[in-house]
Amino acid sequence: MTLRSPVVLDTEVIVTGVPQSRRRRQLRRTAESYAFLSPTIILLFVLMIIPIVMVIGYSLQDRAIIGKNHEFVGLDNYVSVLTNPDFWNATSNTVIFTVVSVVAHLIIGLGFALMLNSTLIGAVPRAIFRGLYVLPWLFTVAVIAVLWRMLLAPNGVINFLLNSDIEWLASPQLALGTVTFINIWAGYPFFMVSLLAGLQGIPSDLYEAAVVDGAGPVQRFWNVTVPQLRPIIVSLVLLDLIWTSQQFALIWMTTGGGPINVTEVLSTFTYKLAFAKYDFSQAATSAVLVLLMSMVLAVFYVRHQKARD
Amino acid sequence: MTRAGQGHSKALKIAGAMTAVASVLMVAGCSGGSSDGASGDAGGDVTIEFAQWWEPELPDGEFRALIDTFEDENPGITVDLVSGPYASTKEQLFAGAASGTMPDVVGLDGAWVNDFASQGVIANLTDLMADADYDDSQLASQIQVDGGTYMIPVVNFVYPMFTNDDLLSQAGVSAPPSTRTEFADAAQKVSALGGDVSGWVLPLSLEAPNGVQNDVMSWVWASGGSMLKDGQPDLTNDDVASAADYIQGLWDDGVIASGSFTMKEQDKVEEFTNGRVGMMIDSLAHINLIRETNPDLKFSISAIPADDGYDGERGIPYASWGIGVAENSEHKDAAFKLVQFLMSEDTNSELSTMANAFPGNTESVPGFVEDDELFKTAFDIYKAGYPANEFTGLPVAEELMRQFGEQFQSALDGQQSMEDALKKAQDSWVAEF
Numbered sequence: 001m002t003l004r005s006p007v008v009l010d011t012e013v014i015v016t017g018v019p020q021s022r023r024r025r026q027l028r029r030t031a032e033s034y035a036f037l038s039p040t041i042i043l044l045f046v047l048m049i050i051p052i053v054m055v056i057g058y059s060l061q062d063r064a065i066i067g068k069n070h071e072f073v074g075l076d077n078y079v080s081v082l083t084n085p086d087f088w089n090a091t092s093n094t095v096i097f098t099v100v101s102v103v104a105h106l107i108i109g110l111g112f113a114l115m116l117n118s119t120l121i122g123a124v125p126r127a128i129f130r131g132l133y134v135l136p137w138l139f140t141v142a143v144i145a146v147l148w149r150m151l152l153a154p155n156g157v158i159n160f161l162l163n164s165d166i167e168w169l170a171s172p173q174l175a176l177g178t179v180t181f182i183n184i185w186a187g188y189p190f191f192m193v194s195l196l197a198g199l200q201g202i203p204s205d206l207y208e209a210a211v212v213d214g215a216g217p218v219q220r221f222w223n224v225t226v227p228q229l230r231p232i233i234v235s236l237v238l239l240d241l242i243w244t245s246q247q248f249a250l251i252w253m254t255t256g257g258g259p260i261n262v263t264e265v266l267s268t269f270t271y272k273l274a275f276a277k278y279d280f281s282q283a284a285t286s287a288v289l290v291l292l293m294s295m296v297l298a299v300f301y302v303r304h305q306k307a308r309d
Numbered sequence: 001m002t003r004a005g006q007g008h009s010k011a012l013k014i015a016g017a018m019t020a021v022a023s024v025l026m027v028a029g030c031s032g033g034s035s036d037g038a039s040g041d042a043g044g045d046v047t048i049e050f051a052q053w054w055e056p057e058l059p060d061g062e063f064r065a066l067i068d069t070f071e072d073e074n075p076g077i078t079v080d081l082v083s084g085p086y087a088s089t090k091e092q093l094f095a096g097a098a099s100g101t102m103p104d105v106v107g108l109d110g111a112w113v114n115d116f117a118s119q120g121v122i123a124n125l126t127d128l129m130a131d132a133d134y135d136d137s138q139l140a141s142q143i144q145v146d147g148g149t150y151m152i153p154v155v156n157f158v159y160p161m162f163t164n165d166d167l168l169s170q171a172g173v174s175a176p177p178s179t180r181t182e183f184a185d186a187a188q189k190v191s192a193l194g195g196d197v198s199g200w201v202l203p204l205s206l207e208a209p210n211g212v213q214n215d216v217m218s219w220v221w222a223s224g225g226s227m228l229k230d231g232q233p234d235l236t237n238d239d240v241a242s243a244a245d246y247i248q249g250l251w252d253d254g255v256i257a258s259g260s261f262t263m264k265e266q267d268k269v270e271e272f273t274n275g276r277v278g279m280m281i282d283s284l285a286h287i288n289l290i291r292e293t294n295p296d297l298k299f300s301i302s303a304i305p306a307d308d309g310y311d312g313e314r315g316i317p318y319a320s321w322g323i324g325v326a327e328n329s330e331h332k333d334a335a336f337k338l339v340q341f342l343m344s345e346d347t348n349s350e351l352s353t354m355a356n357a358f359p360g361n362t363e364s365v366p367g368f369v370e371d372d373e374l375f376k377t378a379f380d381i382y383k384a385g386y387p388a389n390e391f392t393g394l395p396v397a398e399e400l401m402r403q404f405g406e407q408f409q410s411a412l413d414g415q416q417s418m419e420d421a422l423k424k425a426q427d428s429w430v431a432e433f
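These protein sequences, in sequence, are chains A and B.
Residues in the first sequence are numbered consecutively from 1, following this note's numbering.
Residues in the second sequence are numbered consecutively from 1, following this note's numbering.
One or more hints might be untrue.
Unchecked claim - Below are the DSS-like pairs computed for lysine-lysine, each with C-alpha atoms no more than 25 angstroms apart in a straight line:
no. : chain 1 : residue 1 : chain 2 : residue 2
1   : B       : Lys-423   : A       : Lys-277
2   : B       : Lys-264   : B       : Lys-424
3   : B       : Lys-229   : A       : Lys-277
4   : B       : Lys-424   : A       : Lys-277
5   : B       : Lys-337   : B       : Lys-90
6   : A       : Lys-277   : B       : Lys-264
7   : B       : Lys-337   : A       : Lys-277
8   : B       : Lys-90    : B       : Lys-229
Said to hold, decoys possible - Pulled from the structure, derived: some chain B residues nowhere near chain A, Cβ distances all over 12 angstroms:
no. : residue
9   : Leu-81
10  : Lys-90
11  : Asp-135
12  : Asp-196
13  : Leu-206
14  : Arg-291
15  : Asn-294
16  : Pro-395
I should point out that these hints are in silico values taken from the structure, not numbers from a laboratory.
Yeah, the Cβ is synthetic: ideal placement off N, Cα and C, and Gly gets one too.
Please construct the entire structure, taking both the sequences and the accompanying hints into account.
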């Protein structure tokens, strides 16, 4: 008996009974697949690709949107934004804010995940604590900003409990740290939940083998847990870096980029250019620069995902 | 490459080509768009749109009833009210300005006028007034850019000084201060009461920087000073320098409530309402709010203190509900009729009463001044002085306030001298003009 490659029956063949040429069948199959994808592709195109291309276009024009005569000025806007010291101040604040937030998210998230995964607590306390630890994630950014502004007000609850009158959000020295703290509080549950899922996926025989080999708890952590969690950790860190660097609402609603400009980050810098100075060209330029910086991270993320496959 | 792979890369090429074509079309066509602000019927009936944030801030149904009166008096004109909160109205107007679809009549804030006027999207009301033979002597003020009026304030919310009578009397101050020396003295005595009580509160948040207008520049205007010269910035003159140094003095004396650098207007009102602050400069619009939140609070209204020895007219800061007409409107005459109606003596009185504000028509008298002592005092202060807000009509007014605020904060924090702060603010303002 000869081996024949299986023929997938084409819908058109079944319906009309007329066999089609291989090339025509191939084309139809491809067209069908893309037709099924088309609603999503069209939506993505209209809501993402077109606005991004428009913004890139604005960054190459002078007096975009508000001026009657747009002039194509090439890279002038890029030069003026990149030579603006406020841009670099915003960049350095963004880097500090993002890196500290992500590192703290990782440490706290991992710590809580290990606690929740431990065999030392019963099922009921575990469920209660899991609920409690996830709570910060359930609030939207606006609510978090308002709540923490009230808590940290000079006459607010925190100062009452600490019996002090520290200006947490209004002091130029403390404001960036305070805003970073609020962001850490708001974001650690994402890491915790993902890492907990990862921990529960680690086969227990690895731990048993480690114990047999004489590994203590710390060694087990570094040599079994962390390597097994590495793919998840890398994904989480890259995603969180991208998301935190774009954080706008939290900082805008707590300090507005102030006092003076100690909490100015790239997102508030771009917002002010667009909606306070109405300089949409420069704002588009700043936005494109942020896009480029995020794309570097995104490239690493995609390569990491592909490597896993 | 397999056939599937060929199909894949072919599809990618098609998708890429489509993106390129679409983006070219988008970028080329984004400045187009015809106006579509109103519609007209064959029989001479017109419908005009009026975008504002007033209806939601007034008691239910009262504003619509007022507009219905206008429609009765002008058969053939129908008014479509497009209402929303203040912030979203501003965004909608900017979007409408960019796309050429602004509503015929627009509620305006003085801070937006210059930017809209320079874009050419709001009509020159001086011309419309001339076309309609309108007598503008009854208008309390008109906001002008380059000699043409672009906005008429319909009602004004003034910012006098509020004083907590209980705190002042506890501190041994018998009457609200009326000069700067008296104010500094009263503030120190109130702060000396200890606890979490302060003499004064100064909101300098950079997110909503109107504290610069209402709480800092108001000291300049209350003594008849100005931050402009011939319409250009003049922040280094004696009036501004003396007010800035005065506030620096108050800061160094420690009489200002903590949290200034990120405090917003609503936080200021809260501090005052909770009895933690002796004196504040605030909008009359908050009187009812304070009364509702803390009925036991005894407070009074007075004029902002002026420089010792100054006895001229005191400028009182104000925010107004202003009105303008869109340049792309096809029914400018009908639109201006609505403006005339809202500025007429009786309607203006009615609107001011509804809004608890002061009228933009010099002859109107709001109803509440008859019954309410506090409002009567405020109205007398308003009539005795002049509405002063030099930020209205300036380009990127909010950004100017923010730039000044940043330098001012830096000086108060001791990072630079007040003189340098004013000079830097002056330089950055000049760059915007």
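Hints and how they fare:
1. B:Lys-423 - A:Lys-277: holds (20 angstroms)
2. B:Lys-264 - B:Lys-424: holds (24 angstroms)
3. B:Lys-229 - A:Lys-277: Holds, at roughly 22 angstroms.
4. B:Lys-424 - A:Lys-277: holds (18 angstroms)
5. B:Lys-337 - B:Lys-90: holds (23 angstroms)
6. A:Lys-277 - B:Lys-264: Distance of about 20 angstroms is within 25 angstroms: holds.
7. B:Lys-337 - A:Lys-277: With a Cα-Cα distance of about 33 angstroms, the restraint between B:Lys-337 and A:Lys-277 is violated, given a limit of 25 angstroms.
8. B:Lys-90 - B:Lys-229: It is violated: about 29 angstroms lies between the C-alpha atoms, which goes past 25 angstroms.
9. Leu-81: holds (26 angstroms)
10. Lys-90: violated (9 angstroms)
11. Asp-135: holds (34 angstroms)
12. Asp-196: violated (5 angstroms)
13. Leu-206: violated (4 angstroms)
14. Arg-291: holds (22 angstroms)
15. Asn-294: holds (15 angstroms)
16. Pro-395: violated (9 angstroms)
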